[in-house]
Structure formats: structure tokens, C-alpha cells
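A.B. asks: Build the complex from these two chains, which are given one at a time in their own frames, with help from the hints.
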Amino acid sequence: MRNRYTPTLILPLLSVLILLGAGCAQTQADVDADISGETRQDRSGRSNQSDQEEEDENEVEEEETQAESDENQETEGVEAQYDVNSSVDASSSSSTADLQDLADEVDDLLGGMIAGESGF
Amino acid sequence: MKKFLILAVVGAMLVPSAAVFAQETPKSSFDVSAQCEAMVTRSQERLTANETRHAKNIERMNKSIEKLKKFVEKAQTLGADTSTLEGDIAALESALVDLAADHQAVQDNLTAMTQVDCTTMTIEEYDNQIATAKTLFEAVKENIAVIKEIRQSIKSHVEVIFDAIQSSLNTETSS
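Quick note, the sequences are listed as chains A and B, same order. Sequential numbering of the first sequence, starting at 0, is according to numbering that gives the first Met the number 0. Sequential numbering of the second sequence, starting at 0, is according to numbering that gives the first Met the number 0.
Just so you know, the hints here were simulated from the structure itself, not pulled from any lab data. Positions of the beta carbon are idealized from the N, C-alpha and C atoms, including for glycine. It cannot be assumed that every hint is accurate.
[Claimed, not checked] What follows is a list of derived Cβ distance ranges for each label pair:
| # | chain 1 | residue 1 | chain 2 | residue 2 | range |
| --- | --- | --- | --- | --- | --- |
| 1 | A | Ser94 | B | Ala138 | 36 to 42 Å |
| 2 | A | Gly118 | B | Thr170 | 31 to 37 Å |
| 3 | A | Ala96 | B | Asp126 | 54 to 60 Å |
| 4 | A | Gln99 | B | Asp97 | 28 to 34 Å |
| 5 | B | Ser152 | A | Asp100 | 40 to 46 Å |
| 6 | B | Asn127 | A | Asp100 | 48 to 54 Å |
[What the hints assert, rightly or not] A few chain B residues that face chain A, going by a derived Cβ cut-off under 8 Å, partial list only:
| # | residue |
| --- | --- |
| 7 | Glu44 |
| 8 | Ser63 |
| 9 | Leu67 |
| 10 | Ala74 |
| 11 | Lys133 |
| 12 | Ile146 |
| 13 | Lys147 |
| 14 | Leu168 |
[What the hints assert, rightly or not] Below, in silico cross-link-like pairs of lysine to aspartate or glutamate (DMTMM-like), each with a Cα-Cα straight-line distance of 25 Å or less:
| # | chain 1 | residue 1 | chain 2 | residue 2 |
| --- | --- | --- | --- | --- |
| 15 | B | Lys147 | A | Glu116 |
| 16 | B | Lys147 | B | Glu50 |
| 17 | B | Lys69 | B | Asp162 |
| 18 | B | Lys147 | A | Asp100 |
| 19 | B | Lys68 | B | Glu85 |
| 20 | B | Lys140 | A | Asp106 |
| 21 | B | Lys66 | A | Asp97 |
| 22 | B | Lys69 | A | Asp107 |
| 23 | B | Lys73 | A | Asp107 |
| 24 | B | Lys68 | A | Asp100 |
| 25 | B | Lys154 | A | Asp106 |
Chain B on its own, in the form it takes in the complex (with noise of 0.2 Å):
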């Protein structure tokens, strides 16, 4: 009996307490029409930042992939094996055409939201559009993630290749 009790009181100090933390923002006191201002307001913004990175981040790839190009030529003249670079260069190039993609259905979709009617949206097309724009961003940070997993197999793989030229130079001033 003194067990029921007790379990009995602690239960009741936490149902106000799990109510508390399980309270969201009042979706009563939510006003999606400024919210949805607010969000137009912000993609504008975004649309502006995104194709400034974007164009830096296009000219640094096809600048990263003009050098690696001149690397391999040069690096083929002094007799190394450049095949694992040029590996590289194709995934970088692959990885380009993605990014830009990714990007572009980012700026689509800010673009969109830069045209909603916010006095009929509701809730839920607001939470919808909010969703799909952090979706389509973890694209291109997923795409500037596999970028920068290329640049190390890239610095990796010109090690070698200056190993085996080092090497190729040593054994010929020794002969």
C-alpha cells in the first residue's frame, strides 16, 4: 500500500514535468504569415550568398582541375605513372557537374520560396518548405564533403608520384 502511494505521488510531481518538457512552441501563438515573410526575406539572402560561394567554389574546381591536368602532363614527362592523379581528376570533374546540380535545385527551391503567397500559407506548407530547403542544402555540403575527400586522395596520390620521381632521378645520377 505504502509502495502504490509512493509510486503514486512521484507519478504525479512528473506528468507536469513531461508536459513541460513535451511542450512544443505553441502553434496558437505561431504566426505564419511573419514567419513566412521572414523566410521569403532569408532566401532572397541566401539566393544571393549561394551563387557567390557557388561561382568561387565552380572557379576553384575548375581551376584545381586545370593544375591537375598540367601536373600529369608534367609529371608524364619525367616518366611517372599518373594514372591514379587522373583517377582523381575525373572523380573531381564528376563531383563538379554534381555540385552543380546540387546547388542549382537549391536555388530553384529558394527561388520558389521567394514566391509563396504568405497570407494562405499554412503550418505545415510553411514546416514543408523549411524541410525541403535543409534538405537540399545537405546535398551540397555532402557534395563539398566528397570534394574535399578527392583533395586528400589527391595529396596522397601526388606523393607517390613525387616518390617515384625522386626515386627515378636518384637511380639516374647514380648511374
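In isolation and in its complexed conformation, chain A is listed as follows (with noise of 0.2 Å):
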């Protein structure tokens, strides 16, 4: 024997599990486009992030750079006014050696005179 209530229960059965079935799928779809539009935007967020910080890192690099030529170019300067004033003072040495040399040899050819005797 047969029960009478099955068909009237199985049908309206199915169509509410189609219905879940279709509304669970169609959930699922949103959520995995949700997590994909986000991970799209982290990644690019992320590639963003990673743009900015080369950036960074250039613009610092280039202030480094530019540090170091300054500070280059300040040492390049400082030694170049330490070479002239090595220059002047050894100029200066050359010179106050020479004059001093000249005064010796003039002490000395004066000291050589010699006014000798009458012989008488």
C-alpha cells in the first residue's frame, strides 16, 4: 500500500531544496567574487604599496647620493684649499729658504775678508 501523502510531499520537498540549492550557489558565487574583487584590490593595494616604497627608497637613494656628492664636492673643496695653502706655505718655505741661503753665503763671503799685513 501506498502513501497517499507522498507525491503532495515530495514535490513541494524538491522545489524548496532546488530553491536552497540555487540560493546556496548563487551565495557562494557572490562570496567568491566578493573575496576575489578583494583580493584583486589587496594585490593591487599591495602593488601600490610597493610602488610607493621604491619610491621611497629611490628618493632616499637619490638623497643619499646627492649626500654624498655634496659631501664629495665639500671635501673636494676643503682639500683643494688644502693643497693651496700646502702650495703657499711651501712656496713660502721655498722662499724664506732661499732668502735665508742668500743671507748665509753673504755672512760668509764678508766673513772671508781678509785685510792681511804690511809686511813692514
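C.D. replies: So, in C-alpha cells, the structure goes:
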């Protein structure tokens, strides 16, 4: 003997199940889509952040390079000034040494003046 | 009376001694001719020796003046006041002229001494020749002494100039 309520119950239940399945599938698709969008956005954000960091690094490098260049220029300037001063000092030292030589030679020359004797 | 006797004895003892001290070369034993010949020979020797020495002295003075002028030039480029040293150079140049003149007077006299006639020369003439030669040579010695004084003056002035230059260089270095 067959249950007389069976067809009446089965059809709505199937319908409900189908609807539920469809709803779940849609929800899952939305969730996937959301997740995918977030991931893209996240990746994009990361990419942007990476670009910014790279730019920052580049700027830092440029600043460091500029600072190094400035420092080199300053050092070169100081060295050039030192070279000039050294050159001036050496020149002055050489000049005074020349003067000292001349003075010594004059002193030796005049110190060697001999009067001699009359011989009588 | 005793005092008179003592004085007389002492006086008698001193008279010969005084005579001995007063005694010079006995003129009678002085061979003027021989001494004159020796003088001529010595004069010839002195002429040559003086000329050699004078040439060296003049060379020394000329070199000194030349080097001093270079010194002045260089010192002036370093900003030093060299007026005192320039005065020394002028004094040295003047002394050079005097030395040359005094030397020439000595040499002229020596030349004359080499040409004397020793057969007729008297003692007085001989003495005068020797005295003149000594006097003229004293002028040369005096001139050399003046040059030595100028040398001392140069030394002190050079020191002052060096101090001024050093001071100037120190000021430049500190600024």
C-alpha cells in the first residue's frame, strides 16, 4: 500500500531543496566574487604600496647620492683649499729658505774678507 | 849727608841702565843699502800678495752685493721692509770704492818702493818709506774693519726682516 501523501510532500520538498541549492550556489558565487575582488584590491594595494616604497627608496637613494655628492664636493673643496694652502706654505717656505741661503752666503763671503799685513 | 850719598849711589847705578834702555839699533851698524835692497824685494812680494788678496776681497764684496740685492728683491715679494738692508748695500758699495782706493794707494807706494835707488838712500828716507807703507796699509785694514761692521749690521737687519716675514706668514696662516 502506498502512502497517499507521498507525491504531495515530495514535490514541494524537492522545490524547496532546489531553491535552497540555487540560493546557496548564488551566495557562494557572490562570496567568491567578493573574495576575488578583495584579493585583487589587496594585490593592487600591495602593488601600489610596493611602488610607493620603491619610490621612497629611490628618493632616499637619490638623497643619499646627493648628500654623498655634496660631501664629496665639500671634501674636494677642502682638499683643494688645503692644496692651495700647502702650496702657499711650501712656496713661502721655499722662499724663506732661499733668503736664508742668500743671507748665509753673504755672511760667509764678508766673513772671509782678509786685511792681511803690510809686511814691514 | 847720608841721604845724599845714598841718592848719589843709586843715581850712579841707574845711569848706565837708562842708557841701555834708551839705546836703539846703532845707526853706525845699520846698513841702509842692504836694508833698502831687502825692502825692495819685500815690496815686490807684497805687491803680488796684495793684488791677489785684494782681487779675492773685491770678488767677495761684489758677490755679496749681488746676493744682497737678490735678497732684497725676494724679501720685498714677501712684503718685507728692506730699507735698512738697502742702506747696508749702499754702505758696502761705498766701502768697496774706499777699499779699492786704499788698496791702490798701497800698491802705488809699493811700486815706488821697488824703484828706489838704494845706493843713495839715507836712513831717514828709508824710515819714511817704511812708515808710509805702514800708514797706507793701516787704511786698508781700517776699511776691512768697516766692512766687518757692515757685515754685523747686515746680519742684524736680515734677522729683523726674517722675523717680519715669519710674523706675516703666521698671520696669513692663522687667518
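A.B. asks: For every hint, state whether the structure bears it out.
C.D. replies: Here is what the structure says about each hint:
no.	hint	result
1	A:Ser94 / B:Ala138: 36 to 42 Å	holds, 40 Å
2	A:Gly118 / B:Thr170: 31 to 37 Å	violated, 56 Å
3	A:Ala96 / B:Asp126: 54 to 60 Å	holds, 57 Å
4	A:Gln99 / B:Asp97: 28 to 34 Å	holds, 30 Å
5	B:Ser152 / A:Asp100: 40 to 46 Å	violated, 20 Å
6	B:Asn127 / A:Asp100: 48 to 54 Å	holds, 49 Å
7	Glu44	holds, 7 Å
8	Ser63	holds, 5 Å
9	Leu67	holds, 6 Å
10	Ala74	holds, 6 Å
11	Lys133	holds, 5 Å
12	Ile146	holds, 5 Å
13	Lys147	holds, 7 Å
14	Leu168	holds, 5 Å
15	B:Lys147 / A:Glu116	holds, 17 Å
16	B:Lys147 / B:Glu50	holds, 20 Å
17	B:Lys69 / B:Asp162	holds, 18 Å
18	B:Lys147 / A:Asp100	holds, 19 Å
19	B:Lys68 / B:Glu85	holds, 8 Å
20	B:Lys140 / A:Asp106	holds, 19 Å
21	B:Lys66 / A:Asp97	holds, 11 Å
22	B:Lys69 / A:Asp107	holds, 16 Å
23	B:Lys73 / A:Asp107	holds, 20 Å
24	B:Lys68 / A:Asp100	holds, 13 Å
25	B:Lys154 / A:Asp106	holds, 7 Å
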